[in-house]
Amino acid sequence: MADHPFRVLLVGYGTVGRALHRVLVERHDALRERTGVDFRLVAVARRDRAARDPKGLAAEHPNALAWSRGEALELIMEGDADVVVEASPTNLQNGQPGLGHARAALEGGLPLVLANKGPMAFAYRELHDRAAKQGLPVRFEATVAAAVPVFHTQRHALAGDTVLRVDGILNGTSNFILTRMAEEGSGLDQALREAQAMGYAEADPTADVDGLDAGAKLAILANHVLGRPCTFHDVKLEGIRGVTREAVELATKHGHRIKLIAEAGREGPIRVGPRLVPRGSTLDVSGALNAVRFHAELAGQLTMVGKGAGGKETAAALLSDLLEVAKLRGFAAPGP
Amino acid sequence: MRMEFEVELPDAPGELGNVLARVAQFGGNVNSVVHRHETLTDGRVAVVFQVDIPEDGALRLVDALARTHRLLRVNREGGPVGSVVLLVGHVFESGLTDLLDAVFEADAEVVELDVRIAGRSNPSAVLVRLGAPDAGAMGRGLEALRQRAATQGLMLLEPVGGEAGG
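So the protein lines, in turn, are chains A and B.
Just so you know, the working numbering puts 238 at position 120 of the first sequence, and the rest follows in order with no gaps.
Just so you know, the working numbering puts 173 at position 163 of the second sequence, and the rest follows in order with no gaps.
Just chain A, with the same shape it has in the complex:
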């Protein structure tokens, strides 16, 4: 099958979707050379519009694509693709419409690669079981800490090990805010305005500041890395709105930083909340960086640090997942 194009159907054409499109086109020849995979983005859906081209859509400005009326679900059900990438915005009410897209892909026998956290945060077990029953790969590296290879590390490097506990900083915006408070002595409101001015925070910062975004990621980690069936609703959330300038000042004086930490073990609470992190800890990462730490039975503590957001970074994670799926489905040249 290595002579056949690997046809990608992309749902969502925001920052991440467009970055993925650009990467697939710009790196097409290099990827084919290196892996044997002939990537071809054959369809894109965003809201009620769709663009398609069986020969592959050229990466251009979204205005230059030939959009027509069309729904993601229709495209998925047509099934003229080898994989579905779900990169539409995350909905933390119920995971829709991404969850519906994910179900439709699996029902139609298509492998699934996710950047949207919603489907896995609300229905990890269902999607996992459905995919397993049909022998379809589902990958979601991009849902947690963007390009930081959290799930690849667990799936490959720690394949024979057992992760007992996971903790980390899974939201860059709140980390940026807390870092500014510690370094500049500013209050939360001022640091939040700075984060918004720099494009880190949305006009409505609830998902970042109240821990919802980190909670959704933690639910996915707990399911996959710890084997703990749970959903977003099982995560105990406490945000950073109550963290005052005085609290940050005291923590600093006594050798700590305040960080919004997501943490779960094989039992006990699954929670997100502000914690004290000793200076010099591997979780003491500043600015908008993310950090994910595994406490593994054999490997001990492993911490991975990197950018947890951004179009290019998230596209990097999607690309690594797509390559893995392409290999599993016989679209890659035989490896060494």
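Since the hints were derived computationally from the structure, they do not count as laboratory data.
Warning: the hint list may mix true and false statements.
Derived DEER-like restraints, expressed as beta-carbon distance ranges [what the hints assert, rightly or not]: (1) Gln-35/B to Leu-416/A: 37 to 45 angstroms; (2) Asn-39/B to Gly-278/A: 37 to 45 angstroms; (3) Arg-46/B to Thr-421/A: 48 to 56 angstroms; (4) Glu-244/A to Asp-73/B: 53 to 61 angstroms; (5) Pro-20/B to Glu-385/A: 42 to 50 angstroms; (6) Thr-421/A to Gly-146/B: 27 to 35 angstroms; (7) Ser-42/B to Leu-210/A: 52 to 60 angstroms; (8) Val-44/B to Glu-320/A: 46 to 54 angstroms; (9) Gly-129/B to Leu-416/A: 47 to 55 angstroms; (10) Val-44/B to Glu-302/A: 32 to 40 angstroms; (11) Val-40/B to Gly-405/A: 42 to 50 angstroms; (12) Gln-419/A to Gln-60/B: 19 to 27 angstroms.
Predicted, not measured: the structure shown is a model, and the values here were computed from it.
For glycine and all other residues, C-beta sits at the position ideal for the given N, C-alpha and C.
Fit chain B to the known structure of chain A by using the hints.
Quick look at chain B alone, frame taken from chain A:
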């Protein structure tokens, strides 16, 4: 086993000897003694002791020292532990004494308090350094704090798991 502890002593002759005698009394051997003169306030100085001591002796030593001295910090795996937490909110209105009593009742103790007050109508921040003879007592002390903080509407910031700090 090896343990390290920090106590506050009056900066006067014989005070150091008293602590060394206690260590010997419970079968311990002193490896090092460091005076932290930079911490000197009101004629008192913080001194860090590193000792090798049998398991049961360590517990009794901490117990004895806690009765006679201000014990600032104890570090030891599987033995006396220290931790630090932050409370944010209207801590004084809601009764700080009540919070601290809850810790004492759990066999842990408060070895340091540091306070920032941002005015009457704004939430205060209080750093609480805890000591306990073992991890079990520390866990009970923290749980007591959690419960009181929740009922009093205070935010409790604990150390991230596995990094209890000193």
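Hint by hint, here is what the structure shows:
| no. | hint | in the structure |
| --- | --- | --- |
| 1 | Gln-35/B to Leu-416/A: 37 to 45 angstroms | holds, 43 angstroms |
| 2 | Asn-39/B to Gly-278/A: 37 to 45 angstroms | holds, 43 angstroms |
| 3 | Arg-46/B to Thr-421/A: 48 to 56 angstroms | violated, 31 angstroms |
| 4 | Glu-244/A to Asp-73/B: 53 to 61 angstroms | holds, 54 angstroms |
| 5 | Pro-20/B to Glu-385/A: 42 to 50 angstroms | holds, 47 angstroms |
| 6 | Thr-421/A to Gly-146/B: 27 to 35 angstroms | holds, 28 angstroms |
| 7 | Ser-42/B to Leu-210/A: 52 to 60 angstroms | holds, 54 angstroms |
| 8 | Val-44/B to Glu-320/A: 46 to 54 angstroms | holds, 51 angstroms |
| 9 | Gly-129/B to Leu-416/A: 47 to 55 angstroms | holds, 52 angstroms |
| 10 | Val-44/B to Glu-302/A: 32 to 40 angstroms | holds, 35 angstroms |
| 11 | Val-40/B to Gly-405/A: 42 to 50 angstroms | holds, 44 angstroms |
| 12 | Gln-419/A to Gln-60/B: 19 to 27 angstroms | holds, 25 angstroms |
Hint compliance for this structure: hint 3 is the single one not met.
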